Amino acid sequence: AQKITQTQPGMFVQEKEAVTLDCTYDTSDPSYGLFWYKQPSSGEMIFLIYQGSYDQQNATEGRYSLNFQKARKSANLVISASQLGDSAMYFCAMREDSNYQLIWGAGTKLIIKP
Amino acid sequence: SAVISQKPSRDICQRGTSLTIQCQVDSQVTMMFWYRQQPGQSLTLIATANQGSEATYESGFVIDKFPISRPNLTFSTLTVSNMSPEDSSIYLCSVVLGVSYNEQFFGPGTRLTVL
Numbered sequence: 011a012q013k014i015t016q017t018q019p020g021m022f023v024q025e026k027e028a029v030t031l032d033c034t035y036d037t038s039d040p041s042y043g044l045f046w047y048k049q050p051s052s053g054e055m056i057f058l059i060y061q062g063s064y065d066q067q068n069a070t071e072g073r074y075s076l077n078f079q080k081a082r083k084s085a086n087l088v089i090s091a092s093q094l095g096d097s098a099m100y101f102c103a104m105r106e107d108s109n110y111q112l113i114w115g116a117g118t119k120l121i122i123k124p
Numbered sequence: 092s093a094v095i096s097q098k099p100s101r102d103i104c105q106r107g108t109s110l111t112i113q114c115q116v117d118s119q120v121t122m123m124f125w126y127r128q129q130p131g132q133s134l135t136l137i138a139t140a141n142q143g144s145e146a147t148y149e150s151g152f153v154i155d156k157f158p159i160s161r162p163n164l165t166f167s168t169l170t171v172s173n174m175s176p177e178d179s180s181i182y183l184c185s186v187v188l189g190v191s192y193n194e195q196f197f198g199p200g201t202r203l204t205v206l
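In order, the protein sequence lines correspond to chains A and B. Residue 113 in the numbering used here sits at position 103 of the first sequence, and the numbers go up by one each step. Residue 171 in the numbering used here sits at position 80 of the second sequence, and the numbers go up by one each step.
One or more of the hints may lead you astray.
Stated by the list, open to error - Okay, the calculated beta carbon distance ranges per label pair:
# : chain 1 : residue 1 : chain 2 : residue 2 : range
1 : B       : 179       : A       : 18        : 25 to 33 angstroms
2 : A       : 90        : B       : 160       : 40 to 48 angstroms
3 : A       : 119       : B       : 194       : 19 to 27 angstroms
4 : B       : 135       : A       : 91        : 30 to 38 angstroms
5 : A       : 67        : B       : 105       : 51 to 59 angstroms
6 : B       : 179       : A       : 41        : 33 to 41 angstroms
Claimed, not checked - In silico contact screen, one side only, chain B against chain A (beta carbon under 7 angstroms); selected entries:
# : residue
7 : 181
8 : 197
9 : 202
Rather than coming from a laboratory, the hints here were simulated on the basis of the structure. Only a predicted model underlies this, so the values are computations on that prediction, with no experimental measurement involved. Glycine residues also receive a C-beta, built at the ideal position from the N, C-alpha and C atoms.
If we strip away everything but chain B, and leave its shape as in the complex, we get (with noise of 0.2 angstroms):
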């Protein structure tokens, strides 16, 4: 398994400001997803960020609102810019390992509160 964990744990953010959230695993993995969880609701990945090359983002979500940074294989950061109380929400990280990608692992998670 890998051990990833994430920075801030939570957070409450006036509304205009960004916060970025930092994932770090324990070892060196090529695909590391972005996921959003709103309350009651289950998983929605943001974008997939692969080192070495741009993160690519799902229907709905933008580089502009979510930029993300890879800067080598155990580390990434999602920044939500520009919050609303709509962003108000679980963030998670997560990495596959495995050739077979039959296993993926998630970080504890930031939960984010915005007024």
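Next comes chain A alone, as it looks inside the complex (with noise of 0.2 angstroms):
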């Protein structure tokens, strides 16, 4: 079964909207931590946000948030005032504590139009 699922494969958004990549995500383990990465055309991975299934509060890093709804088992990224350069491929990963390997979704293709 899909452990992580983002079921949004491509997305066109106008620029300076705001953006909300979806993020599913499946575990028995009851301390995990979730994180999302951008990877640009250039190839690299890039760190972006985590969340801890402990973390009281949704997790926030300059224009980027977590909106994690625990029950629902969902770590929605959210990308406020979208910018050209946020154009790229976002993964989300899952930790589950029992196994510290990261666990990634199939990716999401952000457009953003001028």
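Both chains are given apart, each in its own frame, so use the hints to dock them into the complex.
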């Protein structure tokens, strides 16, 4: 069964609008962490934001915030005021504390239109 | 965060040859990972390389094909041996920081094309 699901293979968004990238996960481990990465066409994998399963508040990093809904097992990434440079692949990943490996979603290709 | 560099950044190789990819980190790290990303795909873990021990390979990856060295806490190499066009991928090294594993950073990747 898929442990990380990103249902949006691709998205087009107008510049300056907010973007929500969906991520749902499946785990029976009570302790886990959720990651979002950005991968531009250059290929590098850029760490954006992290949310721990026991964190009380949603994580934020600049224009990035994570909408963490634990009961629904969702960890959507919100990008405020999108910029042309936000065009990239975005990957959601999970690490269960019982296993140090990252489990990856299939990714969402985001294209920001001017 | 960690500053991670990889060499080469890209290469075009002939089938049957081997390529060694280097990964250098600006701080000492215990856990280092090697990933492969085939075109249009997500990341797949090849192996975990801890200093002072043999690398641990994931299902589908073997040491003869992907030998790994980890001579110290800041450096590792991955060799892609006897290459075929199916090995054309981006290869990324990655390190974990923090005792709670809540920080994992990646190198810039090596884009390999095998003809």
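Hint check:
no. : hint                              : in the structure
1   : 179/B / 18/A: 25 to 33 angstroms  : holds, 27 angstroms
2   : 90/A / 160/B: 40 to 48 angstroms  : holds, 44 angstroms
3   : 119/A / 194/B: 19 to 27 angstroms : holds, 25 angstroms
4   : 135/B / 91/A: 30 to 38 angstroms  : holds, 34 angstroms
5   : 67/A / 105/B: 51 to 59 angstroms  : holds, 53 angstroms
6   : 179/B / 41/A: 33 to 41 angstroms  : holds, 38 angstroms
7   : 181                               : holds, 5 angstroms
8   : 197                               : holds, 4 angstroms
9   : 202                               : holds, 6 angstroms
When held up to the earlier numbered hints, the structure conflicts with none and fits them all.
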